[in-house]
Structure formats: structure tokens, C-alpha cells
Amino acid sequence: MTPITAYAVPDRRSTADGTVDRLPSPEAWIAAAAHHGELFAQLDPGVRIALLARAAPTQMLVWEAGKSSVGARLEPFAGYGASAADIVLAADDEALQEVRSAVTRRLFEVLRDGIRSGHIVCYMLKRRCVLEERGLDEMLDALGFAFMGACR
Amino acid sequence: MQSGVAKLPHLFQPGRFGRFEIKNRIKYGACCVSNYNARNGFITEREIARMRVIARTGCGIITNQGAYPDPLGEGKAYFRQIAIFDDKFLPQFERIAADIKAQGAMPIQQILHAGRYGGIDLGYCVQPSDVPQTLPHFRPPKVMTRDEIRDCVRQHADAARRAIRAGFDGTEVTSFMGYLLANFNSRFTNQRTDEYGGSIGNRGRFMRELIDGIKQATPDNPLVVRLNGAELMDRWGGNTEDECFELMQQAVDVGIDMISVTVGWQEAPESSIGRDIPPGYWNYLSARAKKMFPQTLVTFGNRLPDPRMADDCLRDGVFDYWEVCRPLLADPDLIHKAAEDRLDEVRRCIGSLNCLSRLFRDLPYTCTMNPALGHEVEPEYQVTPAAVKKKVMVIGAGPAGMECAITAAKRGHDVTVFDKADRIGGNLYAYAINDLARPDDLLSVISHYEAVSRKLGIAVRLNTEVHAKFMRSVLHQYDVCVIAAGATLDRARYAHVKGAERMLDGLDVAHGRSKAGRRVVIVGGGKLGLTLGESLRKHQEAEVTVVESGKRIAGDVKPSFKWRHASWVEELGITCLTSSALVEVSADGVKVRNAKGEETFVPADTVVQADGAAPAHALFHEFEWMIDELHGAGDALIPRGLEQAIQEGFRLGVRL
Chain A
149 MTPITAYAVP
159 DRRSTADGTV
169 DRLPSPEAWI
179 AAAAHHGELF
189 AQLDPGVRIA
199 LLARAAPTQM
209 LVWEAGKSSV
219 GARLEPFAGY
229 GASAADIVLA
239 ADDEALQEVR
249 SAVTRRLFEV
259 LRDGIRSGHI
269 VCYMLKRRCV
279 LEERGLDEML
289 DALGFAFMGA
299 CR
Chain B
75 MQSGVAKLPH
85 LFQPGRFGRF
95 EIKNRIKYGA
105 CCVSNYNARN
115 GFITEREIAR
125 MRVIARTGCG
135 IITNQGAYPD
145 PLGEGKAYFR
155 QIAIFDDKFL
165 PQFERIAADI
175 KAQGAMPIQQ
185 ILHAGRYGGI
195 DLGYCVQPSD
205 VPQTLPHFRP
215 PKVMTRDEIR
225 DCVRQHADAA
235 RRAIRAGFDG
245 TEVTSFMGYL
255 LANFNSRFTN
265 QRTDEYGGSI
275 GNRGRFMREL
285 IDGIKQATPD
295 NPLVVRLNGA
305 ELMDRWGGNT
315 EDECFELMQQ
325 AVDVGIDMIS
335 VTVGWQEAPE
345 SSIGRDIPPG
355 YWNYLSARAK
365 KMFPQTLVTF
375 GNRLPDPRMA
385 DDCLRDGVFD
395 YWEVCRPLLA
405 DPDLIHKAAE
415 DRLDEVRRCI
425 GSLNCLSRLF
435 RDLPYTCTMN
445 PALGHEVEPE
455 YQVTPAAVKK
465 KVMVIGAGPA
475 GMECAITAAK
485 RGHDVTVFDK
495 ADRIGGNLYA
505 YAINDLARPD
515 DLLSVISHYE
525 AVSRKLGIAV
535 RLNTEVHAKF
545 MRSVLHQYDV
555 CVIAAGATLD
565 RARYAHVKGA
575 ERMLDGLDVA
585 HGRSKAGRRV
595 VIVGGGKLGL
605 TLGESLRKHQ
615 EAEVTVVESG
625 KRIAGDVKPS
635 FKWRHASWVE
645 ELGITCLTSS
655 ALVEVSADGV
665 KVRNAKGEET
675 FVPADTVVQA
685 DGAAPAHALF
695 HEFEWMIDEL
705 HGAGDALIPR
715 GLEQAIQEGF
725 RLGVRL
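Taken in sequence, the protein lines are chains A and B.
Convert by adding 148 to the 1-based position in the first sequence; the result is the number in our numbering.
Convert by adding 74 to the 1-based position in the second sequence; the result is the number in our numbering.
Treat the hints as calculated values from the structure; they're not laboratory data.
Don't be surprised by glycine CBs; every beta carbon is placed ideally from N, CA and C.
It is possible that some hints are incorrect.
What the hints assert, rightly or not - Per the computed footprint, the stretches of chain A lying under chain B, defined by three or more beta-carbons under 8 Å from a beta-carbon of chain B, are:
#	segment
1	178-185
2	224-237
Said to hold, decoys possible - Listing some non-contacts, in silico: residues in chain B with all C-beta distances to chain A over 12 Å:
#	residue
3	G115
4	R120
5	P215
6	R309
7	G354
8	F367
9	E452
10	D488
11	A495
12	S641
13	A655
This is chain A alone, in the form it adopts within the complex (with noise of 0.2 Å):
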């Protein structure tokens, strides 16, 4: 069980390209998980998150679970490779204004919505055997993945 605390939060920095303005704050990001605690409860310690904006990925919102909370912040993106996510939201800037305005109640709504229309894309960055096996089942299914698509 991940109680849903906060960590260190890095400071809240502007780019030049406006990233970090797109994204949610992981202060947001963190009440978001707080109000989805059963979503997380089960995820493996060190299991991440990411979310970012497609017309600017230069920097990802990460949720990290660790042994005892799971905490958010902001860090440079520089591939999906690299960015070592278990799962990658690449939100448009539409997508994202309905992220940012919907960070707590109905944020897995918004993202399921987001995913179905296109306007996110959920990239696995792993098997979903092994997802599963991370404790990722249930956030699977309130992302609407089980339902995805008429080949899945």
C-alpha cells in the first residue's frame, strides 16, 4: 500500500518553449494522485508516470511511486527511452488546458476522453504483463486501455 504523501517537489521553473507553463504543477499533480489514492495504492515502488506536451516535449510531469508515497515533479525529457516511464501522456495543449483544469475530480475522466480522441497519446513503455505486474492494472483501466481500440 503507497499512502499518497508528497516528496521533494523541485522548484517550478518557466522554458523558453513554455513547457512547464502546459503542464500541471506537481503540487496539482501530487493532489491529483492524493484524490486517486486507489489507483496508485498497488503501483511498485518506482513506478512512473509521465505526462507531456506533444508540441513541446522538453519537459515530462512525473508521477514517482516510492516505498511509502508516490510524489510528482518535473524533469527534462529526453526520449521515451530515457525517460524511464512506465507510461508516457503525450497531451496536445488542448488536451492539456482540460488536464489543468480538472487535476483532481475528474482527471482520469479527462484522460480516458483525452485517449480515446486522440488528443493523448499513451504511449506502454513496457508489456502489459509486466505493467500489471507493477501494480498498473487498475490505472490501465481507468485510462480505458482495456477497452482501446478493435485490435487490443
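Given chain A, work out where chain B should sit, using these hints.
This is chain B only, laid out in the frame that chain A set:
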């Protein structure tokens, strides 16, 4: 001239492809890898037996399934995909090509490098750029260098040369469904900054080099390229339809001989060939290609299962060749039946995508409608004359019963089918009339059984319930009894729930025997409950709440269709209470308890039980001493679904 040929004059009109005469305008498309082959890429006897059937479908052009062209297996997408990177594989290809030619058709070999879906045995996949997959079978991308691109083109050319040496008359490369060619063509997956990426001209460079390389290697043999008219990935940053057609133009400019217009990627967030897509829906893409490229042959067949529609398209200049695959998996005699004006006997592909559902789980593909598919090499699946002719009674005119009856009758048995309902179809009829996707598809199964049973002289006694008293009245008149009475809903399941007797039976409501009100609670979020709920919501504007004891809805729905129910539930505004148990039913509604133990009251004027499907085991006990042979099939044994009903009915029919 056969009567059907006169009715479909365009379909059966001869054509040309390169220097080859083609007997009609039908191309068997290599739309799926079968997964019947060896793990090391060799073609098996099982595959050769299947291809013997395909060779005899009557198609003018027959495309053999995609073979990967590289020795590492970077292009290998499927667990048992065939390989063509070495001459050692050729003997089996030679047998397939020779057999296709012997039937008067033109054999084409598809070369399939799967790109981002490839590398199944390697732990990585090759791509133009580092763009991960959105699918559950993730393999980390490895970006191709220029040298690797050149090698890849050479491997394709070698593979094409090898295919021609094996006796194929032409080759085909494919970008269908998001394979390597599509990865280079698409903006979504190609984010290179060198001469292979960026502009559409650069993105198409790999394709042009591929076409050029293969054409130089096999100058006397035509080449087909499968290209998307629509990727359905544009919302994720993929190509627009206009860009797809610009890429087709590039293929035409470098001398491609035929374009096969296709639709969709595996990752696309919407369906392209499922049951929810109306037949003919994508024809506009082919029409656009034919209009843009009048001098280049165009073939097409996505979600176009009917030969009559194909004939109309040929007449109207929508394409030059009808490309058909799944309908021929469902009924390999489709073309012959069309030629003989026996289309009412066709087993239609109903678009259940059982084939793909299995393929994506590394299983050999099978067909809901054709139980013999994949078993052609096994004598146990052949319909052969019965050594002893028997009088067979079949209880139940649903898919299991009718399949068994028809198969047994073809073998010479004297068959009578009994059903308490007033029509053929069993519970399939109830699903069909409530289905929001394509009721016609499911109803076609029933009309097929009606037509074929009539032609085989099977006696069908409707409005006749078979019980012990009835069995005593026909004692010694039959040698065999097959119980295929389907499933019922177990009302005792909720006997402990106060007021449960108020609940309507979901099958009764689905059949129209009971009527639901305007505010409905459906207990059970499986396929029956969802199908019923969606129908009540859409057609009767009922307020619908589904109460499901499991964590998720659609637990018994085929993987390829779960998403469809989930979408409908959202689109129609149906409330689903999962992990919820029924506590009490009253005149005003139901009380349910969730996983946390919280109780909620849901107001309703109708409560419908739609779960707890129970087999017909009691009949087996009742009839055990009344008949020589007693068998069962389908939901009467274990409630499951259409596919199992048809498969079991057939398997029983071939061995009675």
C-alpha cells in the same frame, strides 16, 4: 454460363495484371497471418492444407500470407509467421505457388516487415524513429540507420526474387495496419530529420526505394503495394487522408503495378473492419484512388464482404479487383456459390474478429463461422459420408443445433430439429435483434441455417418442446439425440435476495416475450446485460443502470468487442455499478451494495436478471435411458457463445 456469373458480370469478367491473364476480378488478400506455421519460419503441412482450400476458392489472384524478409526476425510480428530470408524456406513456397497456378489463379507472395510491431522474438523492434507503441506488446524501438535502411530494401528485393523463383508470379509489400512501410510513411512514427523524414517526399523515400529495389530485382513480375487510404491515426499526429493519397501518388510515379487500398492501423483508436462498420463504408477511399490513378490497377475490399456489392463497385469503377479475405475464411465456397447463384447458402463473415483476437494472443487463427478453418489437414474435421445412416433428433434450433443438424445431414443422416420457439435461431436471435452494431450480420447466420436446412431436407419442427413425455412418445423412432437447447438464466441464483421474484428474465426481455419499462436496472454486465441495456436505451429511451458483481463489465465479451460495449455505455449514458451486489428488489427499484459495503438505492420500474446463464444438464439426466446415443453441444453443455456453439455443433455433426 453459370446463372450467378450472368448476375455478377463485372466480378467474373477476365482481367490482366502485368503480363498475366486473370480469370476474374477477385483477389484473395493476405489480410492475416495464420499462425499455423513453425516458430522458425518454415511453412507447415497445416498451412499447406489451408492454402489448398484457398487455392480452390475460385479467385483470379491469390496472395500468400506475409513472410518476413530478414534473418534476424526484426520484421517478424507474429508468433508463427513464415520467413523468406533464405532459400531453405522455398520448397514449401513452391508447393503453394504450384497449387495456386494449377487452379488457374495467379499467385502473389506478400513480404511483410512489421516495423514497430516486429521483433517478436528479439525484445526490440526497428522503426524510423523512437516512437513507442501504444499497444500492450511493447518492444523498445531501435532507430534504423541509413545503412540498415539500405539493407532492409535489399532484403525485400532478395525476398521478392526468391518468391519469383519459388513460382509466384508477383509480389506485394504492405503498409497495412502500421507495419514498417507505414512507419516511414506516417508523420506519427517518422520523426527523422534526414532524407527519410520530415516532408512527405522524404517520408515516402523508403517506399519509393523499396518499390524500385523490388522492381529492379523482379522486372518481369508485377508488384502490389498495400497503402492506407486512411490510417485512422491522424488524431494522434498521423497522416491525413490527403497525405495518404499523396503517398499513393509517389508509388504510382515510381511505377507500382497495383495499389491495394486499405484502412487503419492496429493502434488506431477506432475500428476499421469490425462489425460496427457498415459494409461499403470505406468504398470512397478506393473510388478516390481509382479516380486519381486511372492507369494504375486498384484493388480494395475492406469491410466489403458481399459479392453483389463488389460487382456494383466494379461496374461503377470504384476498383479493378475485389480484394477479399475474411469472407473466404468464413466460407471458402463463396465465389463458387456466387457463380452458381447460391448466395443464400453463404456463411457470411460476421466481423466478430475472432481471427484477430486469437492472432494477437499468439494463437492460430480460427473463424467463428467456419469450424474447419485451420483443421483442413485433419480427417476428423472432414465431412464424409456416414458409415451407418442414422435417424437424428436435435433439440434446439440455435447455432449449435443447426450446425450439428446440417453437418449430420450432409453426411447422409436423417435429421429432425425440434425447438420450442416459433423460429430458427435460439438465443442468437435475441442478441441479433438487440444488437447495435450490425443486426444483419447475426441474422445472416440464421438465414444461412434456414436456407441450407431447407435445401438439405432437414425437418424442422418448431413450437415443439422436447421433454420426457415427448421423448416417450417418440421412443425408438430415433437413434441419436443431440441436446443443443441452449442456456437459460438460473433464477435460483438470486433466491436469497428479497424481492428477487420481481425480476424479469433477461432472455425473455431480449426475445420480446417480456417488456421492460422506462427506468430499468439490469443485473449482470456481461454480453446479455449490455446488449439488452444498450438496446433499451437506444430504441426505447429507457434509463438504464447495469449492476455488475465483478470489477469490470463485458467479462464474457470477445476481446475485439469489449471496447465497443464500453463506448456504447458511455455514449448512451448507461450507468454501470461494478463490484456491486444485489441486496433487495422492490416495486420502486433495487438496493445494491458496493465493495466498500455502502448501500445505494437505484429507482426502477423494471429489474432484469441478465446473468447466471445455466446449461441444460437436466435434460441429459432425463433422457439418458430413452435413446441409443445421447450427445450435447453448445450452451446446453457450458454456456459460452456463438463461436463455441458453432464449433461444437460441427465437431459433433462430423462424427455422429
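Now the hints, each set against the structure:
no.: 1; hint: 178-185; verdict: violated (count 0)
no.: 2; hint: 224-237; verdict: holds (count 4)
no.: 3; hint: G115; verdict: holds (23 Å)
no.: 4; hint: R120; verdict: holds (24 Å)
no.: 5; hint: P215; verdict: violated (8 Å)
no.: 6; hint: R309; verdict: violated (3 Å)
no.: 7; hint: G354; verdict: holds (18 Å)
no.: 8; hint: F367; verdict: holds (28 Å)
no.: 9; hint: E452; verdict: holds (29 Å)
no.: 10; hint: D488; verdict: holds (43 Å)
no.: 11; hint: A495; verdict: holds (33 Å)
no.: 12; hint: S641; verdict: violated (7 Å)
no.: 13; hint: A655; verdict: holds (19 Å)
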